[in-house]
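Student: With chain A fixed as given, assemble chain B with the ligands onto it according to the hints.
Chains as they are written, first to last, in this note's numbering: chain A, 1 to 111; chain B, 112 to 462.
Please keep in mind that the hints were generated in silico from the structure rather than gathered at the bench. For clarity, every value in this text was computed on a predicted model and none was experimentally measured. Be a bit skeptical, because a hint or two may be false.
Here are the computed lysine-lysine pairs in the DSS-like style, where the Cα-Cα straight-line distance is at most 30 angstroms [as the list claims (entries may be wrong)]:
no.	chain 1	residue 1	chain 2	residue 2
1	B	K373	A	K105
2	B	K152	B	K115
3	B	K152	B	K292
4	A	K107	B	K139
5	B	K115	B	K362
6	B	K362	A	K107
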Amino acid sequence: MGAVNFGYGISAARGMDLDRNDLGPAREIADEVPEFRACIACGGCTATCTAGNLTSFNFRMVHTLVRRGEYAGAYREMNKCMLCGKCRLVCPRGINTRGVVMQIKRKLGDY
Amino acid sequence: MSSKRIVVIGGGPAGMQAALSLAAGGLKPVIVERAGELGGKLKEWHRLFPSMTEANEVLTRLTGEIAEAGVEVMLHTEVEGIALGEGGAHDGAPNGVVLAEGKKLPAGAVIVASGFDIFDARQKEEYGYHVYDNVFTTVDIERMLNGDKVALSDGTAPRRIAFVHCVGSRDEKVNQRHCSKVCCITAVKQAMELRERFPEAEIYSFYMDIRMFGPGYEELYQQAQQESHINFIRGRVSEASPTIDGRIQIKAEDTLVGRPLKMSVDMVVLAVGMKAAAGNEKLAASCDGLSLAPSGFLAPRDMFTGCVSSGAAGVFYAGTATAPKTIGECIAEGAMAAQRAAEYLKSGAKR
Ligand SMILES: Cc1cc2nc3c(=O)[nH]c(=O)nc-3n(C[C@H](O)[C@H](O)[C@H](O)COP(=O)(O)OP(=O)(O)OC[C@H]3O[C@@H](n4cnc5c(N)ncnc54)[C@H](O)[C@@H]3O)c2cc1C
Ligand code: SF4
Ligand code: SF4
Ligand code: SF4
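If we strip away everything but chain A, and leave its shape as in the complex, we get (with noise of 0.2 angstroms):
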C-alpha cells in the first residue's frame, strides 16, 4: 500500500528565471519571423487550431513559453501541429504562424 495521496507533492520548480533562462535561441526564431516579435498573446491561433481543439495542444502558450526562453518540450508538442496553416489566417499581427512552428522545430530540437 502506498502512503496516502493528500495531493501534494514535490513538484519541478514553477517559477521562471529571466536570468538563467537563455534568451538567445528565442531571439534567434523572432530574427527569422521578425513579425513573431508582435503578438499579443491574443489567442486567435488556439482557437482556431485544430490538433488544439482534438488535443492539449495550445500553439499560443508554447510559442509563448519559447519567447520566455522555457524551451522544454516545445519541439515535443510542435509535432502535434498538422501545419494546415489555419492560424496563420486568423492572427490579428500578421504574424506568419507556421514559419514559427517551423522554426521551432528546426532551432530547439535538443530540449
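Tutor: Here is chain B with the ligands on its own, set in the frame of chain A:
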C-alpha cells in the same frame, strides 16, 4: 469692464489655449499661474507621443502666440478660490477669483485649467523609489532625456531595463482607482527612446492591460514590439528588491502562461499616473455647484455636452483638472471652454 475679463486658472496647455481662444474672440483673458513660467507639465517633457514631436516646439508655439496676442499673464500667483458677491456678469454668479491674502481679482467668468499632480511613487514602497538607486519614474526619464543624461547612477549604460505600468493608477492600495490613460503610451514611447540610446539592452515592460486609445498609438506599440524589440509581459510587478551585486530583482506572474517570473535588472522605470490636483478640494469648496468626482478630479456637469461646464454658472473647466487627458485633448477643451465662457458673458447661457 471687469465683467468682460475672464480669469484662466493655470497656464498649462489647457489654460494657454483657453486664453488664446478668448483673446481671438475679442475678450480679455488673464492667465493666473502659480509657477514662474507658463507651460504646466509640458515644459518638463522631452518628446511627445505619438509623433515624437519635441515638447519644446509645442510649448514655444503656444507661449509665442500668447505673447503675440498680448494676453495678460500673472506669474507666481496662486488662485485660492472662486470669489462670490456683487458685480458678477449675471445674478448670483462668481465675480472673480480670490488670490493670496484674500486679494480679489474681479472677472465675469472663470476657466479652471489647474491641471493634475504627478503620483508620488514613494507611496508604492514595494517598488523602492528613492530607496534603491536606479529606480526611476517616467517623469525622471523625461528630465534625463532633456538633459541628454540617461544612465545608471554610476554613469554606466543599463543592460536590462524594466518598465512597470499602472504605478499609482488602478490601485486601491493607494486610493487611485482610475486609469491615468497616458502612462501606457508614455512607457511605450520611452522604451523606444531608450532603445535608440541603448541598442544592446534588453527592455521589458510589465503591464496589466495595454491601453492604446489614440490615433497612431497601437501602431507605435506594434513598432515598439517588432522594431524596438521591447518585450511586453502581462503581469503586475509585486515587488523590487536589491540583489547582492547591486542590481534590482523584480517579481511578477507572467499571467499569459500562468507562472511566476523573476529577473534582475539594472534599471526600473515606474510609469507614474496622473493624480487629481491637491488644490481641487479647496477650489470646489469655495463655490456652490462645484464638486469632485470620486477620483478627486473636478466633476464636469456631464460627460457629453457639458464636459467643460461646472455646476456653477460662469465657472468652466478645461484639461486635466477634470480627468487624465492628452495635450491635444486639453487644447480642444481649452478652446471649447473659451467658447462657452464667451456665450455665457453674452447671454448668461449656462451650458
Ligand atoms: C510622464 C508624462 C508624460 C506625458 N507625455 C505626454 C505626451 O507626450 N503627449 C501628450 O499629449 N501628453 C503627455 N502627457 C500628458 C500632459 O502632460 C497633460 O495632458 C497636460 O500637461 C495637461 O495640461 P493641463 O493644462 O490640463 O495641466 P498642467 O500641465 O498640469 O498645467 C496646469 C497649470 O496650472 C497651474 N496651477 C494649478 N493650480 C493653480 C492655482 N491654484 N493657481 C494658479 N495656477 C495653478 C500649474 O502650476 C500648472 O502650470 C504626459 C503626462 C505624463 C505624466
Ligand atoms: S493569433 Fe497571432 S497575435 Fe494572437 S496569439 Fe497567435 S500568434 Fe500571437
Ligand atoms: S498550423 Fe499547426 S498550430 Fe496552426 S492551426 Fe494548424 S495545426 Fe494548429
Ligand atoms: S494608461 Fe496604462 S499604465 Fe496608465 S493607468 Fe491606464 S492601464 Fe495603467
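Student: Check the structure against each numbered hint from earlier and tell me which ones fail, lowest number first.
Tutor: Structure breaks hints 4 and 5.
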